[in-house]
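Participant: Keeping the supplied structure of chain A fixed, place chains B, C and D upon it in accordance with the hints.
There are 4 protein chains.
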Amino acid sequence: MTDQPLYAPIPLQWVGPLRFSGNVIDGEEVSVPLATYESPLWPSVKRGAKVSAFVDGGIRATLVDERMSRSVYFRAEHAGAALAAAEDLRTRREQMQEVVSGASRFARLVDLHVQHAGNLLFVRFEFTTGDASGHNMVTLAADHLMPWILQLHPELEYGSISGNFCSDKKATAVNGILGRGKNVVTELTIPRRIVQRLLKSTPEAIARLNTEKNLIGTTLAGGLRSANAHYANMLLAFYLATGQDAANIVEGSQGITQAEVRDGDLYFACNLPSLIVGSVGNGKGAGLETVEENLRRLGCREEREPGANARRLAVLCAGAVLCGELSLLAAQTNPGELMAAHVKIERNAR
Amino acid sequence: MTDQPLYAPIPLQWVGPLRFSGNVIDGEEVSVPLATYESPLWPSVKRGAKVSAFVDGGIRATLVDERMSRSVYFRAEHAGAALAAAEDLRTRREQMQEVVSGASRFARLVDLHVQHAGNLLFVRFEFTTGDASGHNMVTLAADHLMPWILQLHPELEYGSISGNFCSDKKATAVNGILGRGKNVVTELTIPRRIVQRLLKSTPEAIARLNTEKNLIGTTLAGGLRSANAHYANMLLAFYLATGQDAANIVEGSQGITQAEVRDGDLYFACNLPSLIVGSVGNGKGAGLETVEENLRRLGCREEREPGANARRLAVLCAGAVLCGELSLLAAQTNPGELMAAHVKIERNAR
Amino acid sequence: MTDQPLYAPIPLQWVGPLRFSGNVIDGEEVSVPLATYESPLWPSVKRGAKVSAFVDGGIRATLVDERMSRSVYFRAEHAGAALAAAEDLRTRREQMQEVVSGASRFARLVDLHVQHAGNLLFVRFEFTTGDASGHNMVTLAADHLMPWILQLHPELEYGSISGNFCSDKKATAVNGILGRGKNVVTELTIPRRIVQRLLKSTPEAIARLNTEKNLIGTTLAGGLRSANAHYANMLLAFYLATGQDAANIVEGSQGITQAEVRDGDLYFACNLPSLIVGSVGNGKGAGLETVEENLRRLGCREEREPGANARRLAVLCAGAVLCGELSLLAAQTNPGELMAAHVKIERNAR
Amino acid sequence: MTDQPLYAPIPLQWVGPLRFSGNVIDGEEVSVPLATYESPLWPSVKRGAKVSAFVDGGIRATLVDERMSRSVYFRAEHAGAALAAAEDLRTRREQMQEVVSGASRFARLVDLHVQHAGNLLFVRFEFTTGDASGHNMVTLAADHLMPWILQLHPELEYGSISGNFCSDKKATAVNGILGRGKNVVTELTIPRRIVQRLLKSTPEAIARLNTEKNLIGTTLAGGLRSANAHYANMLLAFYLATGQDAANIVEGSQGITQAEVRDGDLYFACNLPSLIVGSVGNGKGAGLETVEENLRRLGCREEREPGANARRLAVLCAGAVLCGELSLLAAQTNPGELMAAHVKIERNAR
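Residue numbers (numbering that gives the first Met the number 0), protein chains in the order written: chain A, 0 to 349; chain B, 0 to 349; chain C, 0 to 349; chain D, 0 to 349.
The hints are simulated quantities; they were obtained by calculation from the structure and are not laboratory data.
Since we're looking at a predicted model, the values are computed, not measured.
Yeah, the Cβ is synthetic: ideal placement off N, Cα and C, and Gly gets one too.
Take every hint as true, because none was put in to throw you off.
These stretches of chain A come out as covered by chain D in the derived footprint (C-beta under 8 angstroms, 3 or more residues):
| # | segment |
| --- | --- |
| 1 | 56-65 |
| 2 | 108-118 |
| 3 | 181-187 |
| 4 | 257-271 |
Between beta-carbon pairs, the in silico distance windows are:
| # | chain 1 | residue 1 | chain 2 | residue 2 | range |
| --- | --- | --- | --- | --- | --- |
| 5 | A | L151 | D | R261 | 22 to 32 angstroms |
| 6 | A | E156 | B | Q195 | 19 to 29 angstroms |
| 7 | D | Q195 | A | R91 | 41 to 51 angstroms |
| 8 | B | E288 | A | E292 | 17 to 27 angstroms |
| 9 | A | E156 | B | D262 | 21 to 31 angstroms |
| 10 | B | A83 | C | R89 | 26 to 36 angstroms |
| 11 | C | P42 | A | E203 | 29 to 39 angstroms |
| 12 | D | D110 | C | E203 | 26 to 36 angstroms |
| 13 | D | R261 | A | E292 | 50 to 60 angstroms |
| 14 | D | A83 | B | Q94 | 57 to 67 angstroms |
| 15 | B | E288 | A | L151 | 53 to 63 angstroms |
| 16 | D | Q195 | B | Q195 | 27 to 37 angstroms |
| 17 | B | R295 | A | K199 | 38 to 48 angstroms |
The shape of chain A in the complex, shown without the other chains (with noise of 0.2 angstroms):
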């Protein structure tokens, strides 16, 4: 047994270049870098990516918000001094402010949210936290404002740090409703002919696909909040090329896709209401390097005001999420091509 410094290698493509517009990137094309252990990852956003660069515009990125939150929780007496104590906290925002501008420049606390059950008060803090992807920062606020609050409210007994009303890498409905990370909304309206030629496929065919597997397969399944096909493939790869906190996938792959004939073309989107992600504070020891190079070529490494190099990092990440769900769509639209390209792919690799 040793601690000595070892790595895990994992495989790394740059795929693209993919093509933007939007409220955060406008008219830039960029490639991104995937780091999988599935190597039919690479052609298979590489061929979304394709499609992007044939259209008008591109992928239209709209970042719709972003925060991180940290939820507590005390226990009371009983529910109404619960109650009294979460009417208190609502009045105090800027006294927290305070609280957590002592424990960090960047933590700006947005909203609250409060949920009761019995004695026990949870307290979901919301922060936007700059460049980081904010964990450790939200951790650090809500670790300088649970004594403030149990000393301003000493009926408030400590329950914990972390009350899983966050909610941090679980399966939860919470985050997107509430909203944690980036949410990033991918849009792409693709020509007949670009369906047709590049995917292989037809634009009724895909909305169907997308209707039946993604929405009624997903529901049948019991599924919460997840319409897709596979998300988690993507975010995982360009998260461990990014240096990010890859487990956060779990809430990340909860996002909907939709696909739509319009005017004949195909009006295909991907929704990631929990993306979470961060330019600053990634990879350490072994993979510092390398992944500060993936950020400097992803152009996330700029002088901008604070939150922006996350910002553009967030919507690259969603572009791929897109190419590689449009391309596996297009691909089982079709019998056997999904099959044939594994095995293809697979074979090439050995």
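Facilitator: Positioned in the frame of chain A, the structure of chains B, C and D alone reads:
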């Protein structure tokens, strides 16, 4: 832009040894490799491992079930036709096994489940897959079964090779209920003084936190079979270190932690019903050698009956999950300990 | 305060006739009784019924499965002991049927499913229950099975006669996946001109609304197998009118509506996998006579093989659900129609 | 077939009295009417009521929040346009309140929440609705808001007056997280000897059963915010007796039961975050008089500030839920008691 072989090097440490007993590994001490950018994970699992060494028999790990699934779907004229086809298929298990055998030497069809949605027929095939995690094997099997079924039932139309009732890498309920991957239960009964000395906590505090955070807190968050603190972290690190398809932490993280005071001691258990691991077909390209070496050190490259190495791997993984889960919960019973540990470790890492 | 017999009189109307075909009712027109405080429900179902009368074959209703469940749970020393007991029980299906036969003439054990949680063993017994909905029958059966199992396995300890893995009157995924009650699919293919004339809408508008509201909207809401507009309303009204345990609308309402344009016409389907109804053991006291009369008028008091009257009842109920669902969706495609209808009907009621 | 006025007479009993304290009812004893075909419900609630009478202060009921929701949805050209419209609407709360005031004297817009799905914009309006449960009031309000918004934002297109993000009578997570109806917490701390004498159980047995059945068992079943034994039964009976829209038991039943041993006594709490009741607008036609009389006897026909009668009603309902929940859990700690009680009561009923 280039396609030359690159990799993301994820820092890796061996942690342990963990002591095991149960129906797969009985009476061994084994260390486990964890690859992660999140360095606090190592000491966390290490602390749990130390606890296991102080407990008679260590971690009792019980493998309860194993199977890998793939759901396909068909379109019928109407639900009546879909029902007739489903009833016919249920009588042809042996014939289907023959078809499957043509696709794979190892795949054994162990069950099938059907869902109806109007005229759509979703069929979830469930296989044992030897030492492989089985993603490709079951896709290949489904790829053989579909044309065979379509020939047998010309009234059915191809829907898709994957209908999301599988369900792969998505937050759903079906995998926990019907099984996907290995189902492993790990248990540890920890003497009170060990809880106090090594975990700086008490059985009462840990049991209470588990109820309030993992069970109640997750329920408040709208959680789906996810009553735990952070299974995803350990799963990701173990999966990356052993060449698994780490996006399967999405369903893998859906499990339940139990904690109970028994005669003054702490009974602690983790349930992982969807642990998708294999000891063959792991890693690719640059990662291959590291993965091979890690599997060898874990004792998963021995000559055993098909499936035995994979079951061993699953149990080792589940043990790591229990160690990290126990350690974090213990830490969260103490105000401030969690953050202090984070700050210290992060600083040391720089 | 008094205990003298009182009653809440729920207004009831007969609506229809609905036209049916399928594997339970073939070629009949039947009206259905709906008891509700919400008077707009009647014209809504009425409109759907009228549509069914204009369609060849009317509502195609397919009964896909039937079973009633009860889960018990036991405590074992540890998971290994729980697993051994579970494996033993799986081999004793015939003996268990004998025990069950001592409790009920009609209950037939058709399947059992097991869940492990640490040392806990949950067993979900699944029975057919003749013409009864089966709540009491399966409780009685479980009440006979538990002591028999505890005697056979003295290493197990009584947990509870109901372990919530049943799962009765709660929002869970298990009932849709494993089945509880009757599983009925209803389908209607409506000519475009009927959609236009009777529903004041188009196949395209209804299909689109279904995708955006029932599938996407419910997914956004964190829905669990509940992709419909208002199944609960029709279920409640039918259950009250026919003496059912109407709290079962909780799981009953978890179903999926489909709508698709086919050759210019509208394909519309409702899926009710957890329809818990019985034609015997219904109503009590003051309600008994009304219920009896309603069941008689529905043709569910005929001499048939055991279970046939209950299946007929389930199909009639499912038909009413389809009619109301179709009508509301059509209304919601038109801005203002819904509210106008509400206002008018409420006024007329006064 | 006829449309003449009929009714389904649901047997009704008054049960109690229940003793109450808290922020709505303080220091009263009130009996509650329960209308149900399931006669064992009455003695079950009765037993809980008797317990409440023996406890100092009785049931502590805390009303935590109240609001009624309706979500509409719009189609935009793309997500960017949807985002711009959403941001604009957030600044127009006062103008929207003016529009709402034109629709209803009582409706007050208290919050709004937005969800994006590609180009779709879902807006969840949240109102207080005085003494009404508010279904019609919020529909009417939405019916006024939609044309106003469409005029203000001609770039938006009508989607639907109800987008299922409300979410009405469906198993979703949104209502518990954002609130729908009254949010009521009820608590009871029961001396050990009362648990033993009246409930024939112990605090330890009930706490353990609650953890294993309601929390773990429901989690295994893939439950969604539904950690209870049978809230739906009491809700249905109370709703029918007081003229509510009883289909709202679907979301109403999604709540969490807590049970904990405190200093040897039993702390028992029920959480009902989606209790949809009103004291006006109830019942119709034949049911009207009974409902009126019941509301009068409950003290919900007094002259109070708007909303106060409805809050009183919610608390009374929540008290009945707690009584029935406590009683059933206690019964299930004893092998055989449950079934024996059923058999006896059913026999007496005949």
